[in-house]
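Participant: Spelled out from the first residue to the last, the chains are:
4 protein chains.
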Amino acid sequence: MTAPLSEEKVFKDPVHKYIYVQDQTIWDLINTKEFQRLRRIRQLGTCFLTFHGAEHSRFSHSLGVYEITRKILSQFERNQFEDWPKEERLLCLCAALLHDVGHGPFSHSIEKTFGTHHEEWSCRIVLGDTEVNRVLREVSPEFPAKVAGVIAKTYSREIVVSLISSQLDADRMDYLLRDAYFTGVNYGTFDLERILRVMRPYRGHIVVKESGMHAVEDYLMSRYQMYWQVYFHPVTRSAEAVLHKVFERAKQLFEEGYRFGFMIHPLEKLFRRELTTQDYFLLDEAFMQTVLMQWTFEDDPILADLSSRFLQRHLFKYVTLDRLDVQQLEKLRAAMNELGWDPSFYMEIDFPSDLSYDVYRPGDHDEKLPILLLDSKDSLTEISRKSEIVRSISGFHMGKYHLYYPQELPINQLEPGIRKIFQIE
Amino acid sequence: MTAPLSEEKVFKDPVHKYIYVQDQTIWDLINTKEFQRLRRIRQLGTCFLTFHGAEHSRFSHSLGVYEITRKILSQFERNQFEDWPKEERLLCLCAALLHDVGHGPFSHSIEKTFGTHHEEWSCRIVLGDTEVNRVLREVSPEFPAKVAGVIAKTYSREIVVSLISSQLDADRMDYLLRDAYFTGVNYGTFDLERILRVMRPYRGHIVVKESGMHAVEDYLMSRYQMYWQVYFHPVTRSAEAVLHKVFERAKQLFEEGYRFGFMIHPLEKLFRRELTTQDYFLLDEAFMQTVLMQWTFEDDPILADLSSRFLQRHLFKYVTLDRLDVQQLEKLRAAMNELGWDPSFYMEIDFPSDLSYDVYRPGDHDEKLPILLLDSKDSLTEISRKSEIVRSISGFHMGKYHLYYPQELPINQLEPGIRKIFQIE
Amino acid sequence: MTAPLSEEKVFKDPVHKYIYVQDQTIWDLINTKEFQRLRRIRQLGTCFLTFHGAEHSRFSHSLGVYEITRKILSQFERNQFEDWPKEERLLCLCAALLHDVGHGPFSHSIEKTFGTHHEEWSCRIVLGDTEVNRVLREVSPEFPAKVAGVIAKTYSREIVVSLISSQLDADRMDYLLRDAYFTGVNYGTFDLERILRVMRPYRGHIVVKESGMHAVEDYLMSRYQMYWQVYFHPVTRSAEAVLHKVFERAKQLFEEGYRFGFMIHPLEKLFRRELTTQDYFLLDEAFMQTVLMQWTFEDDPILADLSSRFLQRHLFKYVTLDRLDVQQLEKLRAAMNELGWDPSFYMEIDFPSDLSYDVYRPGDHDEKLPILLLDSKDSLTEISRKSEIVRSISGFHMGKYHLYYPQELPINQLEPGIRKIFQIE
Amino acid sequence: MTAPLSEEKVFKDPVHKYIYVQDQTIWDLINTKEFQRLRRIRQLGTCFLTFHGAEHSRFSHSLGVYEITRKILSQFERNQFEDWPKEERLLCLCAALLHDVGHGPFSHSIEKTFGTHHEEWSCRIVLGDTEVNRVLREVSPEFPAKVAGVIAKTYSREIVVSLISSQLDADRMDYLLRDAYFTGVNYGTFDLERILRVMRPYRGHIVVKESGMHAVEDYLMSRYQMYWQVYFHPVTRSAEAVLHKVFERAKQLFEEGYRFGFMIHPLEKLFRRELTTQDYFLLDEAFMQTVLMQWTFEDDPILADLSSRFLQRHLFKYVTLDRLDVQQLEKLRAAMNELGWDPSFYMEIDFPSDLSYDVYRPGDHDEKLPILLLDSKDSLTEISRKSEIVRSISGFHMGKYHLYYPQELPINQLEPGIRKIFQIE
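Residue numbers (our numbering), protein chains in the order written: chain A, 1 to 425; chain B, 1001 to 1425; chain C, 2001 to 2425; chain D, 3001 to 3425.
Among the hints, a few may not be true.
Said to hold, decoys possible - Negatives, chain B to chain A, calculated, CB over 10 Å:
| hint | residue |
| --- | --- |
| 1 | Gln1022 |
| 2 | Trp1027 |
| 3 | Leu1049 |
| 4 | Leu1127 |
| 5 | Arg1272 |
Said to hold, decoys possible - Listed below are the simulated DSS-like cross-link pairs for lysine-lysine, each with C-alpha atoms no more than 27 Å apart in a straight line:
| hint | chain 1 | residue 1 | chain 2 | residue 2 |
| --- | --- | --- | --- | --- |
| 6 | A | Lys71 | C | Lys2086 |
| 7 | B | Lys1400 | C | Lys2377 |
| 8 | A | Lys17 | C | Lys2012 |
| 9 | B | Lys1386 | C | Lys2400 |
| 10 | B | Lys1009 | D | Lys3017 |
| 11 | B | Lys1017 | C | Lys2017 |
| 12 | B | Lys1017 | D | Lys3153 |
| 13 | A | Lys71 | C | Lys2017 |
| 14 | C | Lys2086 | C | Lys2153 |
| 15 | B | Lys1112 | B | Lys1153 |
To be clear, the hints were calculated from the coordinates, so they are not data collected in a lab. Quantities reported herein were computed from a predicted structural model and do not represent experimental measurements. By construction, the Cβ of each residue, glycine as well, lies at the ideal position given by its N, Cα and C atoms.
Hey, can you work out the whole structure from these sequences and the hints?
Facilitator: Right under this line is the structure:
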């Protein structure tokens, strides 16, 4: 069971002004070491190398997701909507708070190389031998499993899952506002209060009153802009590429039996994919940056160079490709090899739309639930059928191929056919 | 010599909207590894444990100080003020950008224990064998020494020093605005644009037109509020105390010849006070947090416990003391020793006003230059002589003693005379 | 009796984001013609001639005062404070909404000349034969009298009166924030949400938890700054002076039997002080500006000139007087008369502190209730006894004499003794 | 000739923080009575009846358009773009400031009924016997004609015209930001500073660097949202409809020889379409509201009722029509006539897209110049050819028919076929 706090606690928050904690369980979860660890994981990974304000952590984002969820539920309760299952309140709040608790340092790059998955880790932390698990079990023995179910999107009640994970969920609403605030761009701004006011529980779904359609359009446009202006910014992608190459190189060296000058627990277990939740706890961005710093002294020149590039922000340059000419790229790889730049570690082709971030696309192979409008006659319509704006940005696979390469590559020495890739006449 | 950039560069900044770089030298300085290192040093040290938004780095603050200086100089040039020595422009900009380049991780605690001093390190980095020094020398051979002179406040022209370091300098103006933005409080907000407009070079000083007096009052009130509401917040001070105790314990152990389970370059040199600028470069907050994390596994129980407290945010509790009763505190120390809590590491008395932060106090033993008002008859008056508000906050040694101690201390078992300290009847 | 609205209504508001209406009575009051009339009365009178953004009306301010009151009461109810008389909720909301309903156009000038008083008119509108009265009577026959009692500060329960009228009331909190927003200055900004959170009903008073002292200091500093930077701005005072002279001249002419070229109902009744509530309804700023515009064609040159000055913003110039030298001013008056500038209409001495606006001064002959801090031991202390800052701004009669006069006055032709007033050597 | 001011003047502005005046001519223009008159004309006409914050005047908007133009030109000059004709600076600034000087009160309604046209009046004021004309002539005898040419879009240099009047002009940029600020919605917010930075003069056009495409998309989306959420809000349209009917009725009565109880100069000349610039000066919103107030006492019940509806905000209700069924509407008109509600004055069909406001539609019969992107190879492309988002909102004639009618109309008494219009079963 959970108890209300004798006195409401508040956190000062730049995005929501204040975050209100009213339940002992929530307060205890925030104070677990696994949740406090999120203070050492940046919300936007390498993005701070493009937008220097983007140094905020997953800790503040997680509190924000919790707060938006709390506001939605409080609205549902104030209006006494019958379609809202009141008994799920605490479950929603806990899942909102914990949905990102499994995020590791620089998740994208690490996950690509080592096959970890943050959602899976969130569930392991919720279910394993952790402080988080102990707090949740105090609510009831089966409570941790329910929370993990919501995070894994397998929980039986869609309405609970959709608050945390859908095309219009508390997670996205917080990160758009928060990332906009900390980067300083104003693309991510939309009228949160209005959207909260037009949300309704309705026959097992969260829907939106039709009168709020323009507000949702505005939210979706914010998302669109944030993706193209911030999340997919080529400099951020370049940093991501360099970091990915560092890990690929380290993994290769490890598998080849290379003796690292610097090795620290639990790095080896990460390489061996044998991390326990106790080990995982140690993996934060401070750890990873320290490893990178020490690797700048490694004997392996590629590992040392790439680590140094990331820390000193000597990132790869990039060029936009009109199309993907496989043969031409093969030739480039060969030429790079000849010039002493191993293309496996000094070249990356990136196509920003196949990323974990996604723009709104109903009907796609995307597990995210669509946005439904509820009209005055109580019928539901998927929003892109009513809004030309939404139609124009959905199903969008726009995005261009980018080629990343080191600034020092002597492009002028390449043969003209290859040089054309770099759009230099 | 320096050259203008062929095309102005901009950084998106949440506080100033954009930061404009117009000189090759400035651009090159930003790209040195010593300056990039500031991305890994938080601007507000342990304050993020109180205000979770306060995760911004000294990198963004340093850019901000540069930008405010640039705006001030641009105003001086546009108005063609005769008392402004135009030839000092680049010197001012470089000193503004680099004034904090010597800051280490969690400066306050580290400096107290190991006797490093950030200003001194800034000068060493400017003058030593560093990328920063190489960029500065390209301007002229004696340029690094001039920059170090401004940072050390020994440069011959007071007007140059006062832009970077006075009661109304670019440093403070940026940090008040920036810290307010990232913590989310609005105490630090004042009308920067107006203050910039009323600043004037005048006979070797930077002065303020009398018509701007209320704007300066507002700025000083912001400072006052930020000190008492944010910088001296008891939870931040508690985190500082825990951290300080970690380092004190480690130093003691080191001096006693304890064999650390985890030791990493250049930690030993920090203990021995033998850091070179190359070593210093490795010391960032990622490094220090990793050390703390590894120390949670040390055999020494005090070091392990204190490190863990800091990382898990199990900070000390505190109580406000009406006065400092030395005898009573001696008794408390004895009692703690008996209970197994070594008071050297589990108790701290803090008096927030004797800190490196200071409130406005002309006439005090403070090296900061006072604020002078210029009236329509061209005479100068120190502001507190004209403003009752300023008078009321200057010379202020307010502040109360706080006693910090572990939550687990069994206060009830103490004898009543000592228990009174904790204001429990 | 009153009923809740079947669906909450909202107004979009730039200051509070949204204003929420939940009661039929409030909704009906907003839709009365007397309340709608407030759309045609500016909140800040002549201030828009200094700060062009200050064009907002008493309508939006009145909604804001209502909204802040609603938020305070909602907090009281959520926390179930025993000292709060729940049955007074609707009374508070209605009084908050209606406290300014009796404001006329350019109140200060008109009230000075014609002896009307806006608080008295608010009561007459609440009690008279009006739409407002009809809506209030639907609650209960004695309800209008109660509302008038709160507005007139004669209502028996101090706690109700103090919400609307004290040193920390909903009225001031709204106008500081709103006037700051519309003028564009940021002096008026303070943390409303925090202040609302530390307010408590306590033994018949509204008090503030001691932990909120700094937030209240910040609010009081905002007030101080707004008074000296915005409300007492000499250009606003100049416009006020010109307007006052217009009315003085018109009144004199009327009393002398002058035949106005333009006379329109109910202007004559204003002159005769015989306005009924029906007449009063017609008196708005559109009316008054139209009268001024038509008076620019009057035969009386002084009336025509002054009216034109106000509309074309050819205001009086001003000079600050170090002290009030009555003899010298007498000489100036004589000299002006000789030069053909009747000093009764072309000269004004203004001392900004004896105005209807006031800064915080406990113990003064001010009916406003002081701010009391509630400490952890449940004892109350007046704030200036704990806060040095508040002490420094209370009891403040600062302010300087200003002399207003027409730009065209040939100062150089005055004899040197008089010319000294104008600080010209 | 014009001279720079000896000291820059500033206006505090909530949108641009400060507005800077550097030329004597601009300062003198602002102080003319014709420009000051804009203080008495609301920027958004009847919109304040929907969004109560929207009480700002054309005066502040005009200053804003001037300020944005000043910023654009200052950027052009700083970058020394060769394609910018520097000698046109003052012309641009004057035209920016004066482009709306001919706006009358509640322009839309008045213009529809009386055939006045604000652009034509702006030119008449610039060219006629006015203070504005006298100030302009001081620059050079032919200067007024040039300014009028820019306003009328007949000036020979397209680049000058397009700053003030194109799809991305200073006028729109200011009103979107300003109207968003004063209404309190955040749809109108976009990154002005970024857009200004990517604008370029190029071969006689103002173009946008391709790298700024997303910023322009964001601006166009703001426009789209503002049109549908604010400018076309049905309540604003309803107020517009009522006002239009007032004037239609008054005109009809006048033409029928009705003797008005209240008639005031220059109302009759407005009816007769014989206004001179001197007369026009008197026509402001104060004047018009006073006329409406007096007309509430007219003997003609329709004129009295409609005037009262507008002032008391008893507006028409509305219903959205799926399509325009002319026959059905004829029947409704007949039924209304029978019930005593003259449909000429109590019914209005409105289709929001055929208004003076327009959304972006290149290729349409719209005189506004398109937005051109300049790529790195110096070729120009119209933006909708590169941006799917822009394509989706251009050529948009979306919008629905609305039927406006009095709330008191007894719909239930209508026969079922007509009743269906009101979507009541």
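Participant: If a hint holds in the structure, say so; if it does not, say that too.
Facilitator: Cross-check of the supplied hints:
1. Gln1022: 18 Å, holds
2. Trp1027: Correct as stated: the minimum Cβ-Cβ distance to chain A is 13 Å, above 10 Å.
3. Leu1049: 8 Å, violated
4. Leu1127: Check passes; 21 Å lies beyond 10 Å.
5. Arg1272: Since the minimum Cβ distance to chain A is about 20 Å, Arg1272/B lies beyond 10 Å and the statement holds.
6. Lys71/A with Lys2086/C: 25 Å, holds
7. Lys1400/B with Lys2377/C: Satisfied, since the Cα-Cα distance of roughly 19 Å is no more than 27 Å.
8. Lys17/A with Lys2012/C: 19 Å, holds
9. Lys1386/B with Lys2400/C: Distance of about 13 Å is within 27 Å: holds.
10. Lys1009/B with Lys3017/D: 24 Å, holds
11. Lys1017/B with Lys2017/C: 24 Å, holds
12. Lys1017/B with Lys3153/D: 34 Å, violated
13. Lys71/A with Lys2017/C: At roughly 16 Å apart (the allowed maximum being 27 Å), Lys2017/C and Lys71/A satisfy the hint.
14. Lys2086/C with Lys2153/C: Roughly 19 Å between the alpha carbons, so the hint for Lys2086/C and Lys2153/C holds.
15. Lys1112/B with Lys1153/B: Holds, at about 22 Å.
Of the hints listed earlier, those the structure fails to meet are numbers 3, 12, in rising order.
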